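> Based on the hints, put chain Z in the right spot on chain X.
Residue numbers (this note's numbering), protein chains in the order written: chain X, 1 to 337; chain Z, 1 to 532.
No wet-lab data here; the hints were simulated from the structure. Every value quoted in this text rests on a predicted model; they were computed, and no experiment measured them.
Quick look at which bits of chain X chain Z covers, simulated, 3 or more residues with Cβ under 8 Å:
(1) 136-142
(2) 249-262
(3) 271-283
Which chain Z residues face chain X? A few, computed with CB under 7 Å, are given here:
(4) Gln13
(5) Val79
(6) Gly80
(7) Leu88
(8) Gly421
(9) Ala424
Beta carbons: idealized from backbone N, C-alpha and C, even for Gly.
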Amino acid sequence: MARDPVLTFTDRGIYCAAGDFYIDPWRPVDRALITHGHADHARGGMGGYLATHVALPVMRYRLGEITADGIGFGEVRQIRDASVSFHPAGHVPGSAQIRVEVAGEVWVVSGDYKVTNDGLSEAFEPVNCHHFITESTFGLPVFRWQPQATVAAEINAWWAACKAAGKTAFLGAYALGKAQRLLTMLDPEIGPILCHSAVENTNDVLRGQGLHLPDTVRADAEVSPRDHPGALVLSPPSALGSKWARKFGAQESAFASGWMALRGVRRRRAGDRGFVISDHADWNGLLWAIRETGAENIYVTHGYTDIFTRYLNDNGWRARIVPTQFEGESLDAGDAA
Amino acid sequence: MKRFAALFAAIDQSTKTTVKVAALADYFSDADPVDKLWTVALFSGRRPKRAVTTNRLREWAAEVAGIPLWLFEESYAIVGDLAETIALVLPPNASVDDRPLSQWIKDLRSLAQEDEAARKAFVLEAWQRLGGTERFLFNKLITGGFRVGVSQKLMTRALSRATGKPEAELAHRLMGNWHPDDTSWHNLIEAEDASADASRPYPFYLAYALEEGPDSLGHPQEWRAEWKWDGIRGQLILRDGDYYVWSRGEELMTDRFPELARAIDHLPPGTVLDGELLVWQPGAAQPDSFNALQARIGRKMVPKKLLKEAPVLLHAYDLLEWEGKDQRERPFAERRAQLEEACKDLGPEAPVRLSPQHPFDTWDSLADLRATARDENAEGLMLKRADSPYLAGRKKGDWWKWKLDPLTIDAVMIYAQSGSGRRANLFTDFTFAVWNGNDLVPFTKAYSGLTDAEFRKITHWVKRNTLQRFGPVRQVTPHHVFEIAFEGIQASSRHKSGVALRFPRMKRWREDKPLQEANTLDDLKEMLRLYG
Numbered sequence: 001m002a003r004d005p006v007l008t009f010t011d012r013g014i015y016c017a018a019g020d021f022y023i024d025p026w027r028p029v030d031r032a033l034i035t036h037g038h039a040d041h042a043r044g045g046m047g048g049y050l051a052t053h054v055a056l057p058v059m060r061y062r063l064g065e066i067t068a069d070g071i072g073f074g075e076v077r078q079i080r081d082a083s084v085s086f087h088p089a090g091h092v093p094g095s096a097q098i099r100v101e102v103a104g105e106v107w108v109v110s111g112d113y114k115v116t117n118d119g120l121s122e123a124f125e126p127v128n129c130h131h132f133i134t135e136s137t138f139g140l141p142v143f144r145w146q147p148q149a150t151v152a153a154e155i156n157a158w159w160a161a162c163k164a165a166g167k168t169a170f171l172g173a174y175a176l177g178k179a180q181r182l183l184t185m186l187d188p189e190i191g192p193i194l195c196h197s198a199v200e201n202t203n204d205v206l207r208g209q210g211l212h213l214p215d216t217v218r219a220d221a222e223v224s225p226r227d228h229p230g231a232l233v234l235s236p237p238s239a240l241g242s243k244w245a246r247k248f249g250a251q252e253s254a255f256a257s258g259w260m261a262l263r264g265v266r267r268r269r270a271g272d273r274g275f276v277i278s279d280h281a282d283w284n285g286l287l288w289a290i291r292e293t294g295a296e297n298i299y300v301t302h303g304y305t306d307i308f309t310r311y312l313n314d315n316g317w318r319a320r321i322v323p324t325q326f327e328g329e330s331l332d333a334g335d336a337a
Numbered sequence: 001m002k003r004f005a006a007l008f009a010a011i012d013q014s015t016k017t018t019v020k021v022a023a024l025a026d027y028f029s030d031a032d033p034v035d036k037l038w039t040v041a042l043f044s045g046r047r048p049k050r051a052v053t054t055n056r057l058r059e060w061a062a063e064v065a066g067i068p069l070w071l072f073e074e075s076y077a078i079v080g081d082l083a084e085t086i087a088l089v090l091p092p093n094a095s096v097d098d099r100p101l102s103q104w105i106k107d108l109r110s111l112a113q114e115d116e117a118a119r120k121a122f123v124l125e126a127w128q129r130l131g132g133t134e135r136f137l138f139n140k141l142i143t144g145g146f147r148v149g150v151s152q153k154l155m156t157r158a159l160s161r162a163t164g165k166p167e168a169e170l171a172h173r174l175m176g177n178w179h180p181d182d183t184s185w186h187n188l189i190e191a192e193d194a195s196a197d198a199s200r201p202y203p204f205y206l207a208y209a210l211e212e213g214p215d216s217l218g219h220p221q222e223w224r225a226e227w228k229w230d231g232i233r234g235q236l237i238l239r240d241g242d243y244y245v246w247s248r249g250e251e252l253m254t255d256r257f258p259e260l261a262r263a264i265d266h267l268p269p270g271t272v273l274d275g276e277l278l279v280w281q282p283g284a285a286q287p288d289s290f291n292a293l294q295a296r297i298g299r300k301m302v303p304k305k306l307l308k309e310a311p312v313l314l315h316a317y318d319l320l321e322w323e324g325k326d327q328r329e330r331p332f333a334e335r336r337a338q339l340e341e342a343c344k345d346l347g348p349e350a351p352v353r354l355s356p357q358h359p360f361d362t363w364d365s366l367a368d369l370r371a372t373a374r375d376e377n378a379e380g381l382m383l384k385r386a387d388s389p390y391l392a393g394r395k396k397g398d399w400w401k402w403k404l405d406p407l408t409i410d411a412v413m414i415y416a417q418s419g420s421g422r423r424a425n426l427f428t429d430f431t432f433a434v435w436n437g438n439d440l441v442p443f444t445k446a447y448s449g450l451t452d453a454e455f456r457k458i459t460h461w462v463k464r465n466t467l468q469r470f471g472p473v474r475q476v477t478p479h480h481v482f483e484i485a486f487e488g489i490q491a492s493s494r495h496k497s498g499v500a501l502r503f504p505r506m507k508r509w510r511e512d513k514p515l516q517e518a519n520t521l522d523d524l525k526e527m528l529r530l531y532g
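Bound conformation, chain X alone (with noise of 0.2 Å):
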């Protein structure tokens, strides 16, 4: 016997009509629910907002005026027939995967999500369903993330490195999530540490809510590099290279992201080094992931869809692929991710 799914992917996003509303739209609708706050995922222009109580202050500041509602992880809120939570998806402060469930069946969206517990964000927990919708930005067997601290120790030594030779060390991620990530990873006992005006601004909303970071100092238009001597400088990727950046003097530009694990990539793109780190699951991520919801029908919203698609279906689910308009970890486009 048919029955309407619970979850449909229509061209304004991934719609509930037991609920009547939208996941994570792209398009304006009257109630969205956030997953994060993205700027793929968490667009203005909706006539009312729900997400979780940690990750709505980061929206308020990014998107201005909005009606908005916050929600407690694992609280359960009814939505006319739509019974609905929030569950950690581990991949920056507060980002959720959404859980709902119609008359006993139950979907979930996982909207952007890391496996990995990076000490700052939520950790991501499984949640038990029928329908599993997830993201495959990096769902490709050439990705597997090394440990944190691994990554740590390494960027802390280029740091050391770029102090003794007398330079700054410019650091690029993206203002929200992995720049925050990378101020719990970095080693204060080296040098102080400076933030682009976009990722202290984003820091002072995670302090505001409780969120424990290290001491950094804005560096502003005003600031004086001579004041900092063997600074490591934290900023958003547009920024590697500017005029603000010049004005630091001998310095060495270095990535942080996923797809610095790719020689090619890392060349065109990495300035002095290329880190590898993400907040998203790698291969073997995406796959414990997916595995531990125990869901048998998988939708693919982004990254390698084809390919990881074809896996999942070779290998016991039904999977397939659903367009969306989400970026994953888009090396290039400003701070989406």
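Leaving out everything else, chain Z in the frame of chain X:
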């Protein structure tokens, strides 16, 4: 392998030439001589004889990684490098290994005598003992193709710093047929007499493109002009009663051009010519198109029929050695006079011709001549300073290529595919179409010409405007018009449009141009009639 891996990492992760040269110079100063010799060999495209086929490598890698072969192949298509793909899909190494580079090469070579089971055991063992960069480099020793962003120029600069010898001399020493199996670091780099090999070519002098026109070059009298031919650059060496033909890419092509053997009958031994290899029919006023030459380049052994259909001549434009003596320090005008003298008595049956110079008084009159280049099947003009020596490599100032503006056509993007390697996460490979009534007819692909920022922008757009997917290829909404530039156009029965373009690339993204104003198939056919 650790020392070599550290060198490779230092070079590979930096974009600064000073850093690369310093790392190389350090290495050349104190690494083991056999390792150094192999490093120079590997970085200049030489490699040990392949001990294992790449098919076996793929199968073994997929097996160890626990993934199906199709998934390995898909990954390879995206990563763009076999050695890297293997290094990435394998589980982390379980132990370490201290063997130096040259020992690994020796061990790999001894595999030639072993059966397949032993080869597999060796390779799997190596994968377990080597991680990260070392594992990647081990794979590269088998697959070849070290592209590390170290030009010959950087390598000779570093060698010069390490040995105190002049760069030009080192560049010459590194040319030609040597292989680490037959020489030593001492013989190649340090020994006084390095001229033992009769086939050894001189480093080519390469011109820069003249972007702005010649006015900034000064007085026309100080310059000489020749056609810039659309063939392949070649160096013809006549020594000890033998002949050798080298391509600009340092490939020995003697066997591909047997007709050049007759040069021995017309020019004295101890002669080295720099010129252009062209297909030129007997009695014709200009050479055949590059397509005709391509058929020749593709054949290692040339069938008689092809020799007759596509006879090759060397159009000589410089004289590098005469009577066994290096001429490169002499001014171009003198070398040229000597060359003209040498070519004075060449009969029509000689496989060498003198590439003519074109006298001119003003830059304007030269511009008029350049405008006729296409009629001569030339790409434009070469400008060479009369008093310049023959330098090694690409150096600015004395030689310029002043090419014709390319042909262009405005076309609609209809398919997009993501790139590999450097461009693994961008859509960079596009198919373009022109109008035929209300239909769009695809006529060419193009991959290059946009800036990184433009590729990012179009990638963003492609993701949002995909109509249909065919595996990795996406059909997109016809919307964007691009100006496609190309060097030549030929009739082709293999293409739906009936034409094939030479070196097509995206010259400009015409965001100002509405879809309907792209060119038509009739426009393309008219270009074929004019320039084909």
